[in-house]
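K.L.:
Those sequence lines, one after another, are chains A and B. Quick note: the first sequence uses the numbering used here, first residue 1, plus one each step. Quick note: the second sequence uses the numbering used here, first residue 1, plus one each step.
Hints may be right or wrong, so weigh each one.
Each pair may be met inside one copy or between any two copies, as identical chains are not told apart.
[To be verified] Quick list of in silico lysine to aspartate or glutamate cross-link-like pairs, DMTMM-like style, CA-CA up to 25 Å: (1) Lys22 / Glu147; (2) Lys22 / Glu186; (3) Lys22 / Glu11; (4) Lys22 / Asp166; (5) Lys22 / Glu137; (6) Lys22 / Glu167; (7) Lys22 / Asp199; (8) Lys22 / Asp132; (9) Lys22 / Glu51; (10) Lys22 / Glu149; (11) Lys22 / Glu184; (12) Lys22 / Asp35.
Quick caveat, the hints were computed from the structure, so don't treat them as lab data.
Residues per chain, in single letters:
Number of protein chains: 2
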Amino acid sequence: MATSQLNSLIEALRRLPGVGVKSAQRMAFHLLQHDRTGGVALADALAAAMENVRHCERCNTFSDTPLCDVCSDGSRDARQLCVVESPADQAALERSGGYRGYYFVLMGRLSPLDGVSTRELGVQALMARARDGRVQEVILALSFTAEGEVTAHVLQQALGAIRGPDEQPLQVTRLARGVPAGSELEYVDLSTIAHALVDRR
Amino acid sequence: MATSQLNSLIEALRRLPGVGVKSAQRMAFHLLQHDRTGGVALADALAAAMENVRHCERCNTFSDTPLCDVCSDGSRDARQLCVVESPADQAALERSGGYRGYYFVLMGRLSPLDGVSTRELGVQALMARARDGRVQEVILALSFTAEGEVTAHVLQQALGAIRGPDEQPLQVTRLARGVPAGSELEYVDLSTIAHALVDRR
Ligand SMILES: [Zn+2]
Ligand SMILES: [Zn+2]
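All chains should be built: construct the whole structure from the sequences, respecting the hints.
P.N.:
Okay, structure coming up:
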């Protein structure tokens with residue numbers, strides 16, 4: 001079956017997370033046999049995204065403009081800043097409909113064993129963001145896993161030392177424990193997330 | 001989280017078989033965060049393959065040259081032609097080490113309900129291939145599923161009417177029933193495939 005361009009495609013598909021050699025073969029054969037238009041569209045979308053998608057200057061999420069759509073939306077509540085681990089977690093919060101403030105996306109969580117330190121997470125950028133003079137409350141919407149807990153603890157310490165408007169200390173809260181322990185936020189059902197937002201502590 | 005290029009990428013990834021919205025998000029985030037080089041390589045490999053990979057003129061498998069590597073190999077036994085459903089099945093036979101003839105790749109199997117007829121499978125091209133005056137035996141290495149059985153039956157009828165060298169009728173054989181019934185050929189272990197080749201009937 002081996003031709004060089006087909007093999008290159010199969011090898012390249014294996015760089016996607018969760019894709020082994022069998023899956024990569026199936027994907028390549030499917031596109032070649034049934035959906036070349038889709039294959040070309042995927043090539044174009046990949047090239048454009050790898051070239052142009054960077055991080056939002058304010059919230060650190062992925063964006064192909066300097067400010068993302070959420071940060072560009074002036075109608076949100078500037079007194080609240082919600083810290084999440086990933087764009088997927090942010091999307092889950094948005095879908096819950098329970099939050100109208102702004103976000104900061106860590107793009108990970110502290111994991112000393114994997115070499116993810118406060119520096120990799122851009123905690124300095126979060127500190128600067130929380131010091132904009134309008135933020136009064138920072139909501140830590142982190143996963144209730146061991147690494148999420150460590151991250152929350154470290155951020156709570158750092159953020160608690162910041163003064164907000166009128167020299168009041170920032171209020172630092174966490175999602176209520178309505179979220180099942182040990183779970184990844186993006187897989188939690190929406191009403192649970194909505195309740196956890198109301199009961200944040 | 002929404003930016004247009006990121007969303008386009010997630011949508012495009014969902015066209016891959018077996019990839020839902022969660023997997024597509026994970027793939028996009030992984031490439032953007034950890035492997036932009038891999039993302040660019042995948043874009044290039046996709047574009048090249050969609051543009052250049054066609055079907056081998058002799059055996060119908062995917063190839064970016066008019067003749068594939070196997071058909072270009074003059075050292076194989078031209079008296080044997082093995083009919084398989086897919087390039088993955090062909091690869092499994094090659095790995096078994098039990099076969100040194102040529103192949104014809106159907107790129108599917110007869111499935112009247114899904115609109116896959118003898119025409120879509122290119123059975124005419126197989127007939128022409130089997131009439132090259134050198135082929136003496138056609139081995140039907142098809143899956144032992146209902147659709148594979150129907151395909152084998154139809155091909156057996158058609159190929160049995162062809163005369164080979166010296167006006168002898170073509171011998172049409174099938175893999176021995178060493179292959180577990182109901183299974184997909186590409187997932188069968190190699191020694192079973194090798195035995196089934198020896199015991200073909
Ligand atoms: Zn932003
Ligand atoms: Zn060929």
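K.L.:
State for each hint whether it applies.
P.N.:
Hint-by-hint comparison with the structure:
In this homomeric assembly, lysine 22 and glutamate 147 come within 25 Å of each other (Cα to Cα) only across copies, at 22 Å, whereas the closest approach inside a single copy is 33 Å. For a Cα distance limit of 25 Å, the shortest separation of lysine 22 from glutamate 186 across copies, 9 Å, qualifies, whereas the shortest one inside one copy, 28 Å, does not. Proximity of lysine 22 and glutamate 11 under a CA criterion of 25 Å is satisfied in both settings, with 11 Å inside one chain copy and 22 Å between copies. Taking the closest pair of Cα atoms, lysine 22 and aspartate 166 never come within 25 Å of each other, the shortest separation being 60 Å inside a single copy and 43 Å across copies.
Proximity of lysine 22 and glutamate 137 under a CA criterion of 25 Å is satisfied in neither setting, with 49 Å inside one chain copy and 30 Å between copies. When the C-alpha separation of lysine 22 and glutamate 167 is checked against a cutoff of 25 Å, the pair qualifies neither within a copy, at 59 Å, nor between copies, at 42 Å. Proximity of lysine 22 to aspartate 199 under the C-alpha cut-off of 25 Å is found in neither arrangement, the shortest distances being 46 Å within a copy and 27 Å between copies. In the homo-oligomer, the alpha carbons of lysine 22 and aspartate 132 never lie at most 25 Å apart, since the shortest distance is 50 Å inside one protomer and 34 Å across protomers.
Taking the shortest alpha-carbon separations for lysine 22 and glutamate 51, only the inter-copy value of 23 Å comes in at or below 25 Å, while the best intra-copy value is 29 Å. For the identical chains of this complex, lysine 22 and glutamate 149 are inter-copy neighbours only, at 24 Å across copies versus 37 Å inside a copy, given an alpha-carbon limit of 25 Å. For the homomeric pair lysine 22 and glutamate 184, the shortest alpha-carbon distance between copies (13 Å) is at most 25 Å, but the shortest distance inside one copy (28 Å) is not. In this assembly of identical chains, the alpha carbons of lysine 22 and aspartate 35 lie at most 25 Å apart whether taken from the same copy (18 Å) or from different copies (21 Å).
In this structure, the hints that do not hold are numbers 4, 5, 6, 7, 8, in rising order.
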